[in-house]
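Given the sequences, and given the hints that come with them, work out the whole structure.
There are 2 protein chains.
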Amino acid sequence: MKSISRRNFVNKLGVGLGSAAVLNALPSFIVPPDEALPYEGKKLNIAVCGLGIYGNLVAKALQTSQYCTLAGIVTGTPAKAKEWKAKYNIAEKNIYNYTNFDKILSNKDIDLVYVTLPNSMHKEFTIRAAKAGKHVITEKPMATSVEDCKEMIKACSDAGVQLAVGYRLHYEPHNMEIKRLGQDKVFGPVRLVEASFAYKTYDTSKINETIDFNDHGKWRLNKELAGGGALMDLGIYCIQASRYVQGLEPVAVTAQFGPVNNPKRFEQVEETISWQMEFPGGAIANCTTSYGYFIDRVYASADSGTFELSPAMSYGPLKGKTSKGELDLPIVNHQQAQLDGIGSVILANKKLPAHITGEEGLKDMNIITAIYEAARTGKRVVL
Amino acid sequence: MKSISRRNFVNKLGVGLGSAAVLNALPSFIVPPDEALPYEGKKLNIAVCGLGIYGNLVAKALQTSQYCTLAGIVTGTPAKAKEWKAKYNIAEKNIYNYTNFDKILSNKDIDLVYVTLPNSMHKEFTIRAAKAGKHVITEKPMATSVEDCKEMIKACSDAGVQLAVGYRLHYEPHNMEIKRLGQDKVFGPVRLVEASFAYKTYDTSKINETIDFNDHGKWRLNKELAGGGALMDLGIYCIQASRYVQGLEPVAVTAQFGPVNNPKRFEQVEETISWQMEFPGGAIANCTTSYGYFIDRVYASADSGTFELSPAMSYGPLKGKTSKGELDLPIVNHQQAQLDGIGSVILANKKLPAHITGEEGLKDMNIITAIYEAARTGKRVVL
Numbered sequence: 060m061k062s063i064s065r066r067n068f069v070n071k072l073g074v075g076l077g078s079a080a081v082l083n084a085l086p087s088f089i090v091p092p093d094e095a096l097p098y099e100g101k102k103l104n105i106a107v108c109g110l111g112i113y114g115n116l117v118a119k120a121l122q123t124s125q126y127c128t129l130a131g132i133v134t135g136t137p138a139k140a141k142e143w144k145a146k147y148n149i150a151e152k153n154i155y156n157y158t159n160f161d162k163i164l165s166n167k168d169i170d171l172v173y174v175t176l177p178n179s180m181h182k183e184f185t186i187r188a189a190k191a192g193k194h195v196i197t198e199k200p201m202a203t204s205v206e207d208c209k210e211m212i213k214a215c216s217d218a219g220v221q222l223a224v225g226y227r228l229h230y231e232p233h234n235m236e237i238k239r240l241g242q243d244k245v246f247g248p249v250r251l252v253e254a255s256f257a258y259k260t261y262d263t264s265k266i267n268e269t270i271d272f273n274d275h276g277k278w279r280l281n282k283e284l285a286g287g288g289a290l291m292d293l294g295i296y297c298i299q300a301s302r303y304v305q306g307l308e309p310v311a312v313t314a315q316f317g318p319v320n321n322p323k324r325f326e327q328v329e330e331t332i333s334w335q336m337e338f339p340g341g342a343i344a345n346c347t348t349s350y351g352y353f354i355d356r357v358y359a360s361a362d363s364g365t366f367e368l369s370p371a372m373s374y375g376p377l378k379g380k381t382s383k384g385e386l387d388l389p390i391v392n393h394q395q396a397q398l399d400g401i402g403s404v405i406l407a408n409k410k411l412p413a414h415i416t417g418e419e420g421l422k423d424m425n426i427i428t429a430i431y432e433a434a435r436t437g438k439r440v441v442l
Numbered sequence: 060m061k062s063i064s065r066r067n068f069v070n071k072l073g074v075g076l077g078s079a080a081v082l083n084a085l086p087s088f089i090v091p092p093d094e095a096l097p098y099e100g101k102k103l104n105i106a107v108c109g110l111g112i113y114g115n116l117v118a119k120a121l122q123t124s125q126y127c128t129l130a131g132i133v134t135g136t137p138a139k140a141k142e143w144k145a146k147y148n149i150a151e152k153n154i155y156n157y158t159n160f161d162k163i164l165s166n167k168d169i170d171l172v173y174v175t176l177p178n179s180m181h182k183e184f185t186i187r188a189a190k191a192g193k194h195v196i197t198e199k200p201m202a203t204s205v206e207d208c209k210e211m212i213k214a215c216s217d218a219g220v221q222l223a224v225g226y227r228l229h230y231e232p233h234n235m236e237i238k239r240l241g242q243d244k245v246f247g248p249v250r251l252v253e254a255s256f257a258y259k260t261y262d263t264s265k266i267n268e269t270i271d272f273n274d275h276g277k278w279r280l281n282k283e284l285a286g287g288g289a290l291m292d293l294g295i296y297c298i299q300a301s302r303y304v305q306g307l308e309p310v311a312v313t314a315q316f317g318p319v320n321n322p323k324r325f326e327q328v329e330e331t332i333s334w335q336m337e338f339p340g341g342a343i344a345n346c347t348t349s350y351g352y353f354i355d356r357v358y359a360s361a362d363s364g365t366f367e368l369s370p371a372m373s374y375g376p377l378k379g380k381t382s383k384g385e386l387d388l389p390i391v392n393h394q395q396a397q398l399d400g401i402g403s404v405i406l407a408n409k410k411l412p413a414h415i416t417g418e419e420g421l422k423d424m425n426i427i428t429a430i431y432e433a434a435r436t437g438k439r440v441v442l
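Protein chains in written order, with my numbering: chain A, 60 to 442; chain B, 60 to 442.
Any given hint could turn out to be false.
Repeated chains share a single entry, so a pair holds when one copy, or any two copies, can fit it.
Cross-link-like lysine-lysine pairs, in silico, BS3-like; alpha carbons within 30 Å at most [to be verified]:
id	residue 1	residue 2
1	Lys190	Lys102
2	Lys282	Lys438
3	Lys119	Lys144
4	Lys244	Lys265
5	Lys380	Lys259
6	Lys282	Lys383
7	Lys282	Lys101
8	Lys244	Lys152
9	Lys383	Lys259
10	Lys152	Lys282
11	Lys244	Lys378
12	Lys101	Lys244
For the record, the hints were derived by calculation from the structure and aren't laboratory data.
Structure below.
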């Protein structure tokens, strides 16, 4: 097996970063940085829409991004507007609330709106941003229904803007390496994927309290806002990994809701769900996601070997190995790598790669919908 | 976390083995070797019944066993009788075929019969051995039906002999450590177990050939002899691990037959099967077993940490880690550790521990039966 060592990997990208273990400025996978760039010195101006936990992470990554900058904000909370304005030195004219947001149409200082609002609000703000002529990145899950995804894709297409979904792991070296190992059949065809991602969101020793164990965003427990539970938030990563490790789409799913250990907390959305996906050619994927404990791994068994990441899908540092040995890959800031990847493509007036666009988000939403149906009915659902 | 280091582990058992990495003579978990043994110098005389691959492994382990010795054989193949007689210096009077086997009743030189025949033959030879007054170890799965397990237990009970099932991993330090970590709730209660064990039994690039990729025992493809496919042979380890990691019995199962990549080879038994087990208190286990690829791991996520073995269930050397670091445990010969464990107990006229007896085999067979029913019907089966 020809594995990419950190050194090889860095050299391949043409970046002279020596032996630094942590590479915060790793360029995107999409536009090799040694290519002549028509946009030298220019940065994509981004407005972050929704100033919650993830909005803060995006803002932080934008401070060191090579191709993007934080130019504006959209928030329903005046106090947050004031705080961000001061913290990031944002021009007053680039600050919007949910009411006056559409005026962004006339603001030439904003190129792209990054929607980090609760899931069910992605649709509205993506469509409004598109109608205002702005490119859009929306966080995953792209929306809370297949229908909404389709409307968002159409709105962006009609407006001639690009629509990306926040699939940060497509800019993360470990995940792109297991994608390569699987899709290039380095160990032969993949037969089994085990992908599980769970996050402990409450103190499991106090199951009668509804207080958050950590500040994961209370809206995630609200069906109206989140669209669903752990599957929408975390399980989507397992669906993604199972798909990109193979480069295949599932043909059928079965699923089981897990136990509800904290019924007061999980009145509206699932705490735990397991599901199985069948792929063309016979491979299967077993996945579990939960808000009740920690687990973060992807494991793949192929004909002549195995490969795995653990941790695999959280913000890192990620770690992985194959049946031939440890992976030695750069540790990157996921949000920055993603922003640089998307930014450089849009600045170059190129089309975003299909695997991070709205069409990709729609594929996942189709699968999520099938998984919920399978869990609800106890039946195998053909896709 | 208080992990058992190799040194601690060895000291705990009172064996001065220094820093040797491979301990072939590690005594059983059941009778501490520093206890005064009433049987000093005596060995349990064992007859191996069924001289296939596993019979050979048992015979080899018996050569170095502290408490057991290879005294006799039972075989339907005269050539094998001749070969084993010469190789292991077995007395002619201790050699039986399937017809004259019952005469073992009058043979005081045989204490125990170790049945390593194909699965569906375990019942007949266990019952005949019991009626001849011999203790029995039968390989797993104990039989091919719940009814057969019950008959075997009754026959041994009626005859006043002990019945063990070949659960070698109950004598294996890594597996006993994850049992301890789970049952003692070292990381809090276990919420999720992922246990998968698969073995590549044919050349997957030549799916139209039925020739064995490796000599795994062709009888395993015969429904009549094996009772089932990968679940009977390998999946049982995943059921075991899911149970002993928690010290709990599953309350319901769902299951899915996997794809048949080699229909000619798997005409009678399943190539791949996945199943999910629900446990009291809310934990779940996701398992897959297959004859089509390699996978060998147990992973458990508990409230405050994780622990895993990989490889976990094959003959070793096994390897494991927890969220706090690598496990450092002795590497043992599984068959020898098991034989010494069982031998020392029987020599001491003590009762075998419940978790390796026929009752344990019956529990697994109940679960296996439910898994097949769930896979066949597509329905959740309550245990």
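Status of the hints after comparison with the structure:
1. Lys190 x Lys102: Cα proximity of Lys190 and Lys102: one copy only (22 Å, versus 86 Å across).
2. Lys282 x Lys438: both (23 Å within a copy, 28 Å between copies)
3. Lys119 x Lys144: Cα proximity of Lys119 and Lys144: one copy only (14 Å, versus 76 Å across).
4. Lys244 x Lys265: between (46 Å within a copy, 17 Å between copies)
5. Lys380 x Lys259: both (25 Å within a copy, 21 Å between copies)
6. Lys282 x Lys383: neither (44 Å within a copy, 36 Å between copies)
7. Lys282 x Lys101: neither (41 Å within a copy, 69 Å between copies)
8. Lys244 x Lys152: neither (52 Å within a copy, 56 Å between copies)
9. Lys383 x Lys259: This pair counts as between: shortest inter-copy Cα distance 18 Å, intra-copy 32 Å.
10. Lys152 x Lys282: For Lys152 and Lys282, neither the intra-copy (34 Å) nor the inter-copy (75 Å) Cα distance is at most 30 Å.
11. Lys244 x Lys378: both (21 Å within a copy, 26 Å between copies)
12. Lys101 x Lys244: Classified as neither; 39 Å inside a copy, 56 Å across copies.
This entry does not satisfy hints 6, 7, 8, 10 and 12, going by the numbered hints stated previously.
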